[in-house]
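Novice: Line order of the protein sequences matches chains R and B. The number in the working numbering is simply the position in the first sequence, starting from 1, with 1332 added. The number in the working numbering is simply the position in the second sequence, starting from 1, with 7 added.
Wrong hints could be hidden among the right ones.
The calculated lysine-lysine pairs, modelled on PhoX-like cross-linking and capped at a C-alpha distance of 20 Å, are [stated by the list, open to error]: (1) R:K1384 to B:K117; (2) R:K1338 to R:K1447; (3) B:K117 to R:K1447.
Sample of chain B residues lacking proximity to chain R, with all beta carbon distances greater than 10 Å (derived) [stated by the list, open to error]: (4) T20; (5) G23; (6) E24; (7) E25; (8) L26; (9) G46; (10) T50; (11) L55; (12) L57; (13) A83; (14) I177; (15) T178; (16) Q200; (17) D227; (18) G239; (19) N247.
Calculated directly from the structure, the hints in this document are not laboratory data. Quick reminder that beta carbons are idealized off the backbone N, C-alpha and C, glycines included.
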Amino acid sequence: MNRATKVNIVPCSGIGKSFGSVSRLAAYYITEDDRPAETEMVPLALLVLGDKETNDTVLSNSSISLDGCKLQCAKKMIGECGGQIARDLVVLDVYRDHRDLKPAGIAELNEAGEKLARALADKVDPIIDQTLGKTGEGKNA
Amino acid sequence: MPELPPKKVGIVTCSGEELPEGTVTRLAALRVLEQLRPGETVTICLPLFLAGGEGDRAFAKFYPTIAIDGCDKRCAYYGTTRYSNEPAASLVITDLVKKHGLDKPDGLRKLNKAGLQAVEMAAHEMAAQVDSILGKSWNRARGEFGQSNNIEQPEETTTATCSCGSGIPITKLNISNQEITVVGLPLIFETFQEKDKEPSAATLDEIMDMVKIYNHIEIDAEPALRAEIQKGYEAYFRKNEK
């Protein structure tokens, strides 16, 4: 049986709120720093446009949505394209566990916002293993 | 008393998370929203045209819009056109970079020097488009608008005004078997009713003037639309009579 080798990371395109910036930064932490070989960033704008290549990516691999607010655009767009959602996460839920990390700033997040993004990325890490069926094998196996 | 939001320009970015040019669009839009034209601009996340409600999809019908895209796929322009309304103006970062002979922007999280230059250029180009759309002239020395063409000055803010989920109220009317969406009509009715404006030909003239501020109405469709709005306001006024 073919095992999936990548997980899509889909942050929201939030532009008017700090929580949107947190979701995007967490997505960069995951796809550029933590798990570049096992993840792929999917930009929402291309899904809105119905870009075929991006749609195929969403249909080929499971996705983790990272949304800035309860409107959950990322989760909804994956569903709209018929993609499988491995887990849908909302920044606000992570913030509830880290009340000391109140994000501020949009263009440039404050330190608390950066730490909150780190906490969100850390939460995603084991979900990637689970989705790729790597639990117990060591994450970079 | 309910108030219709003052006329502003909507900015829609592609946000392209996978391209440095996408980061340029986001930062340039924020520069306009927060610093260059804070009182005159508002934004919405592009995916809300699909993931949001009808009020979100009315965004570009309500606000004249500038679409700013990172690349020639032009997701913001075509997405806005398809799901809301054709933008009044647009800007593509790859074109702007080429036009000004800049180096290629680089860095998704932290832009290089060329990227930051592109942000500044795009932001100022957008600010000029905002002025042109609103028919205002910006006084650079004073940092404020000069002559305004009867457009009320909105309050200054220093944070980006995000319209996600705000839901602009709309009404759908059936005119000659064609569904027409009228943006802001519930608020317009409420405003007139609260002023105790009885239904009459003069009141209807005023209502139509306000409807036209927020909606483009084809000349051919106006008489039938006027008749429907008249019926609608009469019913609304009687129902909510004090």
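Novice: Hint by hint, say whether it matches the structure.
Specialist: Do the hints match the structure? See the list:
{"no.": "1", "hint": "R:K1384 to B:K117", "verdict": "violated (29 Å)"}
{"no.": "2", "hint": "R:K1338 to R:K1447", "verdict": "violated (25 Å)"}
{"no.": "3", "hint": "B:K117 to R:K1447", "verdict": "holds (17 Å)"}
{"no.": "4", "hint": "T20", "verdict": "violated (6 Å)"}
{"no.": "5", "hint": "G23", "verdict": "violated (5 Å)"}
{"no.": "6", "hint": "E24", "verdict": "violated (5 Å)"}
{"no.": "7", "hint": "E25", "verdict": "violated (5 Å)"}
{"no.": "8", "hint": "L26", "verdict": "violated (8 Å)"}
{"no.": "9", "hint": "G46", "verdict": "holds (15 Å)"}
{"no.": "10", "hint": "T50", "verdict": "violated (5 Å)"}
{"no.": "11", "hint": "L55", "verdict": "violated (6 Å)"}
{"no.": "12", "hint": "L57", "verdict": "violated (6 Å)"}
{"no.": "13", "hint": "A83", "verdict": "violated (7 Å)"}
{"no.": "14", "hint": "I177", "verdict": "holds (18 Å)"}
{"no.": "15", "hint": "T178", "verdict": "holds (23 Å)"}
{"no.": "16", "hint": "Q200", "verdict": "holds (31 Å)"}
{"no.": "17", "hint": "D227", "verdict": "holds (33 Å)"}
{"no.": "18", "hint": "G239", "verdict": "holds (30 Å)"}
{"no.": "19", "hint": "N247", "verdict": "holds (31 Å)"}
The structure fails hints 1, 2, 4, 5, 6, 7, 8, 10, 11, 12, 13 (numbered hints given earlier, in ascending order).
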